[in-house]
Amino acid sequence: MTDLTDDDHPAADALHDVLVLYATETGTAQDAADRAARHLRKLRVRARVLSVDQYPLADLVHEPLVLFLVATAGSGAFPRPAHALWALLLRADLPPDLFDDLDFAVFGLGDSGYEKFCWPAKLLERRLQALGGRALVPRGEGDDQHPLGVDGALLPWLDALTGALLEFLPLPDGCPPPSPASTEDALPPPRVSFRPAPPDSPPPPDPRLADPRYHPATLRVNTRITADDWWQDVRHFEFDFAEDVRYAPGDVACILPQNPPDDVQTFLELMGWEDHADEPVSVHPTLGDQTLPPFLPPRTTLRALLTTHLSISAVPRRAFWECLRWFLQDEMEREKVGEFLSEEGADDLYAYTTRPRRTLLEVLAEFRSARGRVPREYALDLVPFMREREFSIASSVTRHPRQVHLCVAIVRYKTMLKVPRRGVATAYLAALQPGACARLIIGLKRGLLSLPPDPATPVICVGPGTGVAPMRAVVEERAAQGATGECADTTLYFGCRSASKDQHYAAEWAAHARAGALAYRLAASRDAPPGELEGGRTYVQTLLARDAPRVWARLRAGGCVFISGSSNKMPAAVRAALRSIAQTEGGLGEAEAREYVEGLERAGRLVEECWG
Amino acid sequence: MSPTAIYLPAESAASSPKVVAAVPRKGPALAIGSLATAQDGKFQSLVSDLEANRQVDRQMLDRLLEGATELTPSRYASVHVTLSAAEYEQLMPRISTLLAQLFAGLEPLGTLHVLNLASSLSTLPSELTLAGFTLLSSLPNEGTIIAQKPAHAIGQTLGIKNRSVAPAPAASAAAPAVSLRRRGDPDRKSAKKALWTLNAPSTPTIDAEKLLTPADRERPVPTCEPAVKGAPRRKKACKNCTCGLAELEAEELAQSKVVMLDGKIDGQTVEVEQSERDRLLAAAAAAPKATSSCGSCFLGDAFRCESCPYRGLPAFKPGEKVEIDLGMDDI
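Protein chains in written order, with full-length UniProt numbering: chain A, 1 to 612; chain B, 1 to 331.
Since the hints were made in silico from the structure, they are not lab data. Just so you know, not all the hints are guaranteed correct.
Unchecked claim - Here are the simulated lysine-lysine pairs, BS3-like style, with alpha carbons at most 30 Å apart:
1. A:Lys569 - A:Lys445
2. B:Lys26 - A:Lys445
3. A:Lys445 - A:Lys116
4. A:Lys116 - A:Lys42
5. B:Lys189 - B:Lys210
6. B:Lys42 - A:Lys116
7. B:Lys210 - B:Lys193
8. A:Lys569 - B:Lys317
9. B:Lys26 - B:Lys42
Chain A extracted, bound-state conformation:
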């Protein structure tokens, strides 16, 4: 075992202390960071692995060596935890030698099916270089389309990094350089140990409550707002806080979902852990370079861990199989996992888990021979961490003090598996019964949108479907500000399929419009009268184009455009509509129009908050 005790020599210590920062929204980049840290351990390099939003950014100028593992969010955007870092790096007044003490390496995670593949990783690498940083190895680009997924590029990148690092941190004589593939050639110790905790001590307070952004809340309203006979279940939620809360339109509510008790019990039984599930334990990290679930309390029980902190309904990642295989007793099961993990078996693994969205719980029902063999401590190595979900807040706190409203589509779909798939967080929310018992903790964080400081500035909201959530906050806040006039300064382009079935908050828009606080434009794509369909369906971008002179007048007056919704074709189509308006109404050429719309975005006057 490599000894990583501190060296007295500060420089040598620094050499052995590499910072690994990850930026993730789904946890894949965190997994990759843990993987990189396990590999660095073989090089006798100690890694500090942190989410970039847990790291004190002020210290970054003093770091000698940083690895960045950066996922891609939305259409080429930085994951939310990296927004603060990126905002700092974008400042034009940074001197070009700011990072000339920094050696770094960037690994991006993305999907080459998207135009802006690994975009944040590319931007980050180029910006750090422009500020004097030196890239130790060329950027790695993990591609979801690769048969081995992220590993397809991660392992070669770690190989290259090994070569570069060994130049300054040579291994003792006679040690062969390890290859990343061989990093997983033995079962690593579990990342935590459990120690019995006194059974009668009160449970520690939720760590989230130490953060002033988090507040206890109770659910007061859980109402379906789509027609009963409509295919999609969209809910309006209202939460009450016991204290005054502050947030602005565009902010998001962070909610940590829980697994249903039945699922947790099934999991415990499949692992053979049911007899010890309720023993109070304190959790101690044993491997300093492996991450832990966010908000992990110091004392808990295995059942509580599996309810709140581990995602047993997630589709298992390669790390799950790499851990599970050490415990399988059955020859056939072990062989199957070996196949799944090989390059040739990658397609089979994809077809078995990822494509049908098969859950870890369902997988364990088929690979049963590890039952009773896995020490409980490995729960945190087997099961991906539960992640907070962020929902755009649909209310203005000026209008609804001490409340947060959400507008959420409940995720349910079918795959080849006969049991329907559900979204973990939305199923949790949908099942909550309003009342004093429905207690949870909600975090209120900054989103991407923010209202212009002058209420007279025109605002154009484009929010089809549940993308309307932040727009409701905008409209309510501006109505409360009294930003009304002869011609409303707030325009909402809402899109749905059917005006009578899924036109969220229709009555409210009508009331705001009557009060002169809103110009409301509805695109109901499937309601077109017969004969009108030849021109194509009506979407929000169709209405924008129809309103070209009106839209251009507002842009000329310094107005803002907010786009929110699913990051499918809509945001791109809305941009195209704006470019076309700049051409027809503003007389700009094609390139000028493109530059104009990009300029709006850089100036913060065109903001997109979209999700995949």
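With the hints as your guide, set chain B onto chain A.
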């Protein structure tokens, strides 16, 4: 207090947002020149421009640097510096001293105008920031940088005086090709940190996309290989699939969305696709006495063959009844 800086809109709405320009307030001004700019007339023309509508004091750079004169604190609404390119270069090692003096001599919201700059003085903006100024505009091509003293002189706590001058970049070039580049200069470190953590919300931002090379903008083109019999099939169609796998997947997806409600649970009965219903019925009928000729059907999808009638159903034990909750299946 009225703002000193007047933000002019960009000349055309079509152009990208430009750095702002500032117009000095008509309070007392200080003009700073040098031997070179006094000789070539730039200093005089600056002074006469300023004198058109305000009181102007004059100073020579040398006198300030040598400490031969001290500026009255918070006296000037604006300070204007005009030197030759060579004099700016020579000034750089001592710039922080000068900026500290000018900062003190300016009233809150007073502006500093550095004129006729050589474009090579790229570190001046960061020096200004370090000295406590807020950058209002930097137009390196036009040779002028305008900075402002904040309304509340927070800059005095930020200003880092007497900090040592950064070593020339040559130091790193001379270092071995591979070595972690660490310089222990604590002054420089704290200066960097002050710059890096400076919180100025109105700071202009760069267009990072312009940093990307054409190669950066590329992405891997997924290869679409036709399925070869006997070879392992690529089961995930690439985005621009031409080999027919995407159609196959789409077809599978369409079939998987067949609506099926279980009449046993809540009394609803709904039509399902005939073939699917037959298959499920057969599977359910077989379940109470479930047997398997291959011996793998019980084990679950991981071990079932492609044509297994139980595919998509959970694993079960031989002889066990296959139970599946389709009651909530309402999509």
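Structure-based check of each hint:
Annotation: proposed proximity of Lys569 (chain A) to Lys445 (chain A) holds, straight-line Cα distance about 27 Å (limit 30 Å). For the given pair, Lys26 (chain B) sits about 44 Å from Lys445 (chain A) by alpha-carbon distance, which is inconsistent with the 30 Å threshold. Proximity of Lys445 (chain A) to Lys116 (chain A) is assessed by CA-CA distance (about 26 Å); at most 30 Å being required, the pair is judged to hold. Restraint check for Lys116 (chain A) and Lys42 (chain A): the C-alpha separation of about 34 Å exceeds 30 Å, so the hint is violated.
The hinted pair formed by Lys189 (chain B) and Lys210 (chain B) meets the criterion: a straight-line CA distance of about 29 Å does not exceed 30 Å. The straight-line distance between the Cα atoms of Lys42 (chain B) and Lys116 (chain A) is roughly 50 Å, outside the 30 Å bound, and the hint therefore fails. Among the hinted pairs, Lys210 (chain B) with Lys193 (chain B) is consistent with the structure: their alpha-carbon atoms are about 26 Å apart, no more than 30 Å. Taken as a hint, the Lys569 (chain A) and Lys317 (chain B) pair is broken in the structure, with Cα atoms around 46 Å apart against an allowance of 30 Å.
For the hint linking Lys26 (chain B) to Lys42 (chain B), the alpha-carbon distance of about 21 Å falls within 30 Å, and the restraint holds.
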